[in-house]
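Novice: Turn these sequences into a full structure, and let the hints guide you.
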Amino acid sequence: MSHQLSRRQILHLATATAAGLGLTACGGSGSGGTGGADDGADGDSGKITVWSWTTAAEALRGVVPSFERDNPGITVDVQDLGNPAIWDKITVGLASGGKGLADVMHIGVDYLPGYMEKFPQGLADLSKLGADRHKDAFVNGLWPTVIGKDRAVHALPWEVNPLGLFYRHDYFEKADVDPASIASWDDLIAAGPKIRAATGAQLLGLDKPGTTQDMDFFQNLMQLQGAFYFDAEGKVTLASDEAVQALTVIKRLNDAGLLADTAGQGTWKRLVGQGKLATVPYPAWAIEYLATKFPAQSGKWRVIQPPAAVPGGGRSAIVNSTFLTVSATSKRRKAAWRFVEYALTKPAEINRMFASGGVFPALKGAYADPKFSAPHPFYGGQKVLRSFVDSLESGAGATNFTGDYSRALKLASDAQSQVLIKGADPAEALKAAAKQLAQQTGRQQAA
Amino acid sequence: MSLAPSERAPASGTATATATGTPAGRGTPRRTDRARPGRRRLLTRESVPYLLIMPAVLGFAIFKAYPIAASFWISLTTGNGDARQFTGLANYRRLLDDPLFWTALKNTALILVVQVPLMLGLALLVALGLNSTKVWLRPLWRLGVFVPSLTGLVAAGVMFSVILNRDAGLLNWVLSLFGVDRVNWLGSTFWARVGVVLVITWHYTGYNAVMYLAGLQGIPKELYEAAMVDGAGPIRRFVSITLPQLRPILLLTVVLSTIGTLQLFDEPYVLTGGGPDNATLTVTMYLYNNGFKYFDFGYASALAYALALIVSVLGILQVRLMGERR
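Quick note, the sequences are listed as chains A and B, same order.
Residues 2 to 448, numbered by my numbering, are exactly what the first sequence covers, in order.
Residues 6 to 331, numbered by my numbering, are exactly what the second sequence covers, in order.
Simulated from the structure, these hints should not be mistaken for laboratory data.
Any given hint could be a false lead.
As the list claims (entries may be wrong) - With the Cβ distance kept under 7 Å, some of the chain A side facing chain B (calculated, not the full set):
(1) Thr92
(2) Gly115
(3) Lys119
(4) Thr212
(5) Ala264
(6) Gly265
(7) Gln275
(8) Ser407
(9) Arg408
(10) Asp415
(11) Ser418
(12) Ile422
(13) Ala425
What the hints assert, rightly or not - Capping the alpha-carbon separation at 20 Å, the derived lysine to aspartate or glutamate pairs in EDC-like fashion look like this:
(14) Lys252/A <-> Asp426/A
(15) Lys332/A <-> Asp137/A
(16) Lys270/A <-> Asp171/A
(17) Lys252/A <-> Asp187/A
(18) Lys436/A <-> Asp271/B
(19) Lys347/A <-> Asp370/A
(20) Lys252/A <-> Asp242/A
(21) Lys384/A <-> Glu289/A
(22) Lys436/A <-> Asp242/A
(23) Lys436/A <-> Asp172/B
(24) Lys90/A <-> Asp271/B
(25) Lys136/A <-> Asp426/A
(26) Lys277/A <-> Asp172/B
(27) Lys335/A <-> Asp179/A
(28) Lys270/A <-> Asp256/A
(29) Lys432/A <-> Asp102/B
(30) Lys365/A <-> Asp78/A
(31) Lys270/A <-> Asp217/A
(32) Lys270/A <-> Asp271/B
(33) Lys332/A <-> Asp126/A
(34) Lys432/A <-> Glu227/B
Said to hold, decoys possible - Stretch-level coverage of chain B by chain A, calculated; a stretch enters the list once three of its residues show a Cβ under 8 Å from a Cβ in chain A:
(35) 171-184
(36) 278-288
Note that CB positions come from ideal geometry on N, CA and C, so glycine has one too.
Specialist: Encoded structure:
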């Protein structure tokens with residue numbers, strides 16, 4: 002029969018399809034970095050493109066008119082690629098030697114060290130363009146991230162997200178819990194059952210199966226202790242006492258029935274909307290997010306500094322940060338740098354972006370603006386921004402994300418799921434994860 | 006039958022020379038043409054097929070053969086950007102010691118063993134139903150069965166993540182009408198796998214049913230009529246006529262479904278992200294993570310080759326077991 006495939010044809014089809022799909026996914030990418038910086042040029046005029054996402058892209062567009070006015074000869078096209086699509090696009094571009102990349106790219110701290118480490122020729126050396134002079138302009142804890150192995154600056158900080166504890170003021174009152182008495186997670190775990198009994202709300206929500214690998218809370222609990230997955234030398238610390246303490250706090254919350262499962266599309270938002278969560282341990286971007294998404298709850302929320310992970314411990318942490326970079330293969334590196342410098346080192350511009358996109362600025366000079374001391378109606382007139390600035394000024398340390406952060410995140414997420422779903426012991430789960438992380442990355446484990 | 010160059014009409018230059026009555030006109034031009042291949046015509050009966058397949062061959066060489074070869078080279082190296090060091094089979098050895106690779110392979114195999122027979126059995130039943138002349142509004146049913154396979158894979162994943170939501174999902178709401186407790190579809194290792202099987206089955210059953218339907222319609226009716234005259238019942242006719250006649254299509258769907266399942270990525274990626282605790286992590290998802298999240302292209306390429314090898318071996322086995330005996 003004519004439509005029938007022969008045995009040979011089917012075998013060819015099978016092999017070609019499998020090899021084709023699997024390999025084209027990686028093929029060509031590994032030879033990445035060809036040319037790198039050699040392909041670019043220091044043009045200082047013409048059209049530059051900028052890649053960002055959602056509200057941040059919108060905020061950047063707000064800078065364009067004044068920048069173009071002050072820099073005749075340069076036009077800027079800000080493109081919103083969406084998150085997470087932007088990461089695949091940048092990764093593929095870097096892996097193919099920088100072809101097709103935008104001149105300026107907005108990159109998060111979770112990707113930046115990986116890009117600098119794995120594609121050392123991919124991001125332009127901004128030190129050559131004068132970036133070092135801005136070293137002290139940004140809050141502590143961010144500058145080490147922008148330095149590559151070549152000791153040069155490869156990015157400029159834009160956004161910093163200090164941690165805060167948003168809480169339902171009305172619930173705390175109803176349960177007769179004084180927020181001033183909450184200094185550590187021990188205190189909050191002790192107050193949790195009272196709040197639940199009085200309001201029916203659980204303390205906070207977490208994606209227990211780890212579908213989204215949102216490990217911010219676990220990381221925050223480590224960062225509050227000055228720790229992370231890796232130490233300053235890049236050694237694996239995923240099984241450290243601090244990590245075990247962090248996961249133990251989460252386990253205790255879960256065992257006490259204070260942890261709602263937020264797995265699934267839109268679950269967290271629904272739970273907050275229904276008033277089923279009493280606290281939200283989120284960074285500064287949540288200030289406007291909560292206010293715009295849940296306007297009906299206006300006046301019911303307040304913010305305090307995050308409780309310490311261990312009694313008497315530190316109460317400030319930088320959850321994450323984002324940066325602007327220039328592609329090494331850009332034909333207009335000087336023009337691109339001028340835009341980055343213009344957008345991120347001028348308090349007026351950075352605050353304009355903050356006002357339109359909610360991106361909390363990393364530039365210290367921006368905090369002098371009166372808005373940082375203004376009362377916020379959604380938070381019952383509390384000066385919420387000031388509390389976050391104070392938190393930053395109280396000295397959150399640098400976090401060494403390293404080029405292997407994504408792998409660490411995955412393994413930590415697996416360990417957390419094992420504890421929350423299967424009741425595993427935090428120390429054992431983290432020990433196995435740390436061993437695997439060291440094995441897969443070739444890094445040593447810290448003693 | 007193709008013509009040799011010497012048998013064709015002479016090119017215009019030759020014709021002119023002949024017409025002017027020069028010495029070249031005494032039969033020599035033919036030999037001259039043969040001795041100068043540069044003057045051969047490009048379009049001949051032999052060359053046209055090659056010219057026609059040239060774009061496909063070029064496309065294959067650039068977009069398939071080159072990446073396949075480059076990927077093999079990368080699988081033997083490690084390093085960042087341009088600075089790649091040859092490490093021989095180190096990535097393959099690492100793969101053998103990597104518990105996550107074995108977990109991903111086990112998950113993929115489990116989905117393959119459970120889902121493919123389930124889906125193909127269901128597709129065959131649906132095709133038999135759609136082929137029956139007794140079914141009313143057949144085109145409408147056929148459309149309904151095929152429509153899921155037109156849905157984007159990511160869209161299907163997102164849709165099912167809503168349907169399977171423990172607290173607000175449609176499926177748990179329907180189950181609650183029958184007094185069944187809420188199932189934590191995406192939050193338990195067992196049910197998350199069931200969820201993935203559900204999505205794939207929903208998505209591809211119609212596609213396979215349409216293939217079977219085409220096969221069923223190609224079976225000569227005389228075979229059934231003769232069997233009925235001989236007194237064969239419906240089951241006997243199904244076993245002795247339908248199944249053997251469908252064998253080429255069955256083989257095709259089994260092989261294609263096997264390859265598809267081994268390359269499963271989109272649905273679990275969207276639905277569960279490989280969780281919980283890697284219960285739905287597939288080999289291609291792990292490959293993607295290594296390449297595009299961990300930037301470990303050497304290891305990702307080794308994974309791709311390991312997967313290609315597994316697919317090839319399974320393909321050969323299936324063809325040997327199910328293929329027509331000669």
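Novice: Confirm or reject each hint.
Specialist: Here is what the structure says about each hint:
1. With a least beta-carbon distance of about 5 Å to chain B, the hint placing Thr92/A at the interface is held under the 7 Å criterion.
2. Using the Cβ-Cβ criterion of 7 Å, the hint placing Gly115/A at the interface with chain B is satisfied: the shortest such distance is roughly 6 Å.
3. Contact between Lys119/A and chain B, as hinted, is supported at the beta carbon level, the nearest pair being about 4 Å apart and thus within 7 Å.
4. A distance limit of 7 Å between C-beta atoms decides the matter here; for Thr212/A the minimum to chain B is near 4 Å, and the interface restraint holds.
5. With a cut of 7 Å, the hint placing Ala264/A at the interface with chain B holds, because the nearest CB-to-CB distance is about 6 Å.
6. The beta carbon of Gly265/A comes within 4 Å of a beta carbon in chain B, closer than 7 Å, and the hint placing it at the interface holds.
7. The criterion of a C-beta within 7 Å of any C-beta in chain B is not met by Gln275/A, whose closest approach is roughly 10 Å, and the hint is violated.
8. Interface hint status for Ser407/A: upheld, as the beta-carbon distance to the closest one in chain B is roughly 4 Å, under 7 Å.
9. A hinted interface residue such as Arg408/A counts as satisfied when its beta carbon comes closer than 7 Å to some beta carbon of chain B; here the least separation is about 5 Å, so the hint holds.
10. Because the smallest distance between the Cβ of Asp415/A and any Cβ of chain B comes to about 6 Å, under 7 Å, the interface hint for this residue holds.
11. Residue-level restraint check for Ser418/A holds (minimum Cβ-Cβ distance to chain B is 5 Å; threshold 7 Å).
12. Checking Ile422/A against chain B by beta carbon gives a least distance of about 5 Å; that is within 7 Å, so the hint holds.
13. Checking Ala425/A against chain B by beta carbon gives a least distance of about 9 Å; that is not within 7 Å, so the hint is violated.
14. Proximity of Lys252/A to Asp426/A is assessed by CA-CA distance (about 9 Å); at most 20 Å being required, the pair is judged to hold.
15. Proposed proximity of Lys332/A and Asp137/A is contradicted: the alpha carbons are some 29 Å apart, above 20 Å.
16. Note on Lys270/A and Asp171/A: the hinted pairing holds, with a Cα-Cα distance of about 19 Å set against a maximum of 20 Å.
17. Of the supplied pair hints, the one linking Lys252/A and Asp187/A holds, its CA atoms being roughly 12 Å apart against a limit of 20 Å.
18. For the given pair, Lys436/A sits about 29 Å from Asp271/B by alpha-carbon distance, which is inconsistent with the 20 Å threshold.
19. Straight-line distance between C-alpha atoms of Lys347/A and Asp370/A comes to about 12 Å, which keeps the hinted pair within the 20 Å bound.
20. Restraint check for Lys252/A and Asp242/A: satisfied, since their Cα atoms lie roughly 15 Å apart, inside the 20 Å limit.
21. Distance check on the hinted pair: Lys384/A and Glu289/A sit about 13 Å apart at the alpha-carbon level, within 20 Å; holds.
22. Simply put, Lys436/A and Asp242/A have alpha-carbon atoms about 15 Å apart, close enough for the 20 Å limit, and the pair holds.
23. For the hint pairing Lys436/A with Asp172/B, the CA-to-CA distance comes to about 36 Å; that exceeds 20 Å, so the pair is violated.
24. For the hint linking Lys90/A to Asp271/B, the alpha-carbon distance of about 17 Å falls within 20 Å, and the restraint holds.
25. A hinted pair counts as satisfied when its Cα atoms are at most 20 Å apart, and Lys136/A with Asp426/A does not qualify at roughly 43 Å.
26. Between Lys277/A and Asp172/B, the direct Cα distance comes to roughly 13 Å. Compliance with the 20 Å bound is thereby established for this hinted pair.
27. Of the supplied pair hints, the one linking Lys335/A and Asp179/A is violated, its CA atoms being roughly 54 Å apart against a limit of 20 Å.
28. Pair hint Lys270/A plus Asp256/A does not hold up; C-alpha atoms about 23 Å apart against a cutoff of 20 Å.
29. The suggested pairing of Lys432/A with Asp102/B holds, with an alpha-carbon distance near 18 Å, which does not exceed 20 Å.
30. Proximity of Lys365/A to Asp78/A is assessed by CA-CA distance (about 27 Å); at most 20 Å being required, the pair is judged violated.
31. For the hint linking Lys270/A to Asp217/A, the alpha-carbon distance of about 17 Å falls within 20 Å, and the restraint holds.
32. Using a Cα cut-off of 20 Å, the hinted pair Lys270/A and Asp271/B is violated, with the two alpha carbons roughly 25 Å apart.
33. For the proposed pair Lys332/A and Asp126/A, the alpha carbon gap of about 14 Å is at most 20 Å, so the pair holds.
34. Proposed proximity of Lys432/A and Glu227/B is contradicted: the alpha carbons are some 69 Å apart, above 20 Å.
35. Counting residues of the region 171-184 of chain B whose C-beta sits closer than 8 Å to any C-beta of chain A gives 4, which meets the bar of three, so the coverage hint holds.
36. Under the rule that three or more residues need a Cβ within less than 8 Å of chain A, the assignment of the region 278-288 of chain B holds, with 5 such residues.
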